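Student: Each chain is listed here by its residues.
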Amino acid sequence: MSRFRRRKLVNYVMLGLAGVCTAIVLVPLVSLLALVISRGLAGLNLEFFTQLPKPVGEPGGGMANAIVGTLTMVTMACILGLPVGILAGTYLSEFGRGPLAGTVRFMSDVLTGVPSIVVGIFVNVVVVIRTGHFSAYAGALALAIIMIPLVTRTTEEMLRMVPNSLREASLALGATRARTVGSIVYRSASAGLITGSLLAVARVAGETAPLLFTALNNRFWHHTLSEPIASLPVYIYRYAISPYKDWQQQAWTAALVLVLMVLTTSVAARIAVSLRK
Amino acid sequence: MTFEDRKGRGRYSSRSDRLFTGLTLVMVVAILFLAGLMVLQLLVASIPAMQALGWHFLVGMDWDPVHEHFGALPFIYGTLASSLLALILAAPLGIGVAIFLAELAPPWFRAPVSFMVELLAAIPSVVYGVWGLFVMAPWLRNMVQPWLSEHLGFLPFFQGPGFGVGILAAGLILAIMVVPTITAVSRDVLMAVPNHQREAMLALGATKWETTWKAVIPYGRSGIVGAIILALGRALGETMAATMVIGNSLDISISLFAPANTMASIIANSYAEATYGLHAAALIEIALILFVITLILNIVARLLVRRVAIGPVRMEA
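Taken in sequence, the protein lines are chains A and B. Anchor point for the first sequence: position 33 equals 33 in my numbering, and the numbering is continuous, going up by one each time. Anchor point for the second sequence: position 250 equals 250 in my numbering, and the numbering is continuous, going up by one each time.
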């Protein structure tokens with residue numbers, strides 16, 4: 001009897017611990033979201049979205065240039081990275097056989113684990129040092145490099161979920177393989193492709209490290225894309241580590257805006273995928 | 001339809017096919033090219049540092065750009081200490097959550113918790129840094145560190161003044177950031193364990209915990225190890241949050257209260273001010289080392305996780 005009771009006790013204690021683990025993990029998430037919302041809201045006003053940052057000591061000011069800068073670079077990264085990722089994913093799912101496909105699949109898995117600061121240094125060495133200046137292009141390129149392996153793998157997974165009977169039906173009607181992929185496979189997997197792209201966008205929109213030495217930062221509006229450009233993540237970093245109270249307040253507000261941007265994108269992506277199922 | 005027509009049409013289709021297939025192939029090769037170029041460029045850019053410093057770079061403890069002394073050991077130590085601390089905290093927690101989600105939680109509860117854990121992963125690391133700097137570090141300084149030094153102060157790890165920021169803070173924030181990785185991968189691994197494993201164990205009269213511990217986890221062991229290694233790779237390379245809470249010191253200290261630097265944070269902190277060639281080359285060499293380490297860890301982790309996905313793992317007797 002006592003052994004039964006002991007086993008039962010161990011069972012309840014350990015299963016209870018698993019539940020406790022879950023509760024512990026959710027504490028920082030709740031604390032983080034609650035504080036970003038409460039302390040961010042304290043500084044949120046229209047000025048934040050319409051004004052340039054003010055010098056230390058002057059009240060007010062906003063981060064309009066950083067918001068536009070982030071949107072600009074993420075858009076450019078999409079233009080660069082999405083076609084590469086989606087086409088490479090298409091190759092892996094539709095045409096790829098043999099060692100090349102296996103290698104690339106493996107490499108893109110591995111590339112998703114490369115620290116983003118390393119990508120930043122790489123783009124700095126290849127682009128910034130060669131052209132002689134920090135630029136929006138360099139920042140967007142760094143973000144695109146981070147996007148490509150993510151998009152490749154999700155595209156492949158999404159295309160693989162398209163039933164083969166659809167491809168066969170299309171080919172049997174005399175469509176070419178390119179046509180089959182273009183009008184049948186892409187169309188059936190469109191929700192999945194949008195989800196994958198949105199998740200990649202959500203991921204790179206919050207990246208700071210690859211921008212530090214590529215896009216740098218800018219206190220003013222950028223006039224061309226070949227000059228340093230402001231971005232929300234870099235501003236959050238600079239303002240948070242500054243010793244000034246009003247800059248730290250701005251960092252919280254910028255963090256709220258960034259979290260809202262990133263979470264809306266990634267929640268939208270998840271809703272898109274759950275609608276499809 | 002004449003033969004000529006069909007022939008023309010056929011040729012047209014195969015050409016468009018070749019064009020499209022070729023285009024996708026180019027993109028695939030571009031990814032390989034990119035990976036190769038990354039290694040090559042970092043290697044070339046760090047050659048000056050390798051030539052000037054040699055092995056001293058890896059074992060030297062002095063980092064003094066003014067006198068051109070570059071020893072990266074403090075940063076290698078800071079990276080290892082903070083990442084290991086993160087794993088010690090995050091691995092049991094993450095696996096616990098995975099067990100809870102895969103084995104215990106009813107579906108209506110599993111979905112929202114999974115969703116919240118994935119939200120943790122979606123929050124940008126700089127936001128973790130802000131939270132770590134203004135919320136977690138003061139909490140450590142005022143509550144945790146006084147308690148630790150009072151009760152465990154005889155251990156070398158908990159000596160010296162507690163500033164809040166330091167290796168302890170970095171390890172804690174990294175732990176919070178890698179838990180979602182461990183949880184998500186281990187949960188998938190546990191869910192992939194076939195049900196007959198559980199049924200056989202339960203039929204023998206085992207409790208739920210005994211089933212999980214002796215039949216489910218051993219089956220998915222290599223996948224869970226893979227998840228932990230994946231998390232290690234992420235912790236080693238994580239930049240912003242660690243940079244903001246580690247305190248930025250160039251010294252090595254055994255105490256977890258002491259400020260330090262990780263390899264990623266020294267790059268983030270000083271690459272912009274690297275005014276002459278050797279300093280920049282030394283920092284690029286750190287980036288290269290970081291790149292190679294994370295590459296190896298990722299390869300090992302992927303192979304382990306894939307083993308579970310491919311098929312049953314042979315059980316040791």
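Hints in this document: simulated from the structure, not taken from any laboratory. For clarity, every value in this text was computed on a predicted model and none was experimentally measured. From the three backbone atoms N, C-alpha and C, an ideal C-beta is built for every residue, glycine too. Incorrect hints may have been included.
To be verified - The calculated PhoX-like cross-link candidates involving lysine-lysine, where the alpha carbons are at most 20 angstroms apart (straight line), are:
{"id": "1", "chain 1": "A", "residue 1": "Lys8", "chain 2": "B", "residue 2": "Lys214"}
{"id": "2", "chain 1": "B", "residue 1": "Lys208", "chain 2": "A", "residue 2": "Lys8"}
{"id": "3", "chain 1": "A", "residue 1": "Lys54", "chain 2": "A", "residue 2": "Lys245"}
To be verified - Cβ-Cβ distance ranges computed for the label pairs, FRET-style:
{"id": "4", "chain 1": "B", "residue 1": "Glu118", "chain 2": "A", "residue 2": "Arg160", "range": "20 to 28 angstroms"}
{"id": "5", "chain 1": "A", "residue 1": "Ser183", "chain 2": "B", "residue 2": "Gly36", "range": "33 to 41 angstroms"}
{"id": "6", "chain 1": "A", "residue 1": "Leu44", "chain 2": "B", "residue 2": "Ile296", "range": "42 to 50 angstroms"}
{"id": "7", "chain 1": "B", "residue 1": "Met116", "chain 2": "A", "residue 2": "Arg130", "range": "40 to 48 angstroms"}
Student: Please go over all the hints and tell whether each is borne out by the structure.
Tutor: Results of checking the hints against the structure:
Taking the CA atoms of Lys8(A) and Lys214(B), the gap is near 15 angstroms; set against the 20 angstroms cutoff, the hint holds. Straight-line distance between C-alpha atoms of Lys208(B) and Lys8(A) comes to about 9 angstroms, which keeps the hinted pair within the 20 angstroms bound. Simply put, Lys54(A) and Lys245(A) have alpha-carbon atoms about 13 angstroms apart, close enough for the 20 angstroms limit, and the pair holds. The hinted window of 20 to 28 angstroms between Glu118(B) and Arg160(A) holds, with their beta carbons roughly 22 angstroms apart.
About 35 angstroms separates the C-beta atoms of Ser183(A) and Gly36(B), a value consistent with the hinted range of 33 to 41 angstroms. Look at Leu44(A) against Ile296(B): about 44 angstroms separates their beta carbons, and that is inside 42 to 50 angstroms. Hint check: Met116(B) to Arg130(A), Cβ distance near 44 angstroms, so the stated range 40 to 48 angstroms holds.
Of the numbered hints stated above, none is contradicted by the structure.
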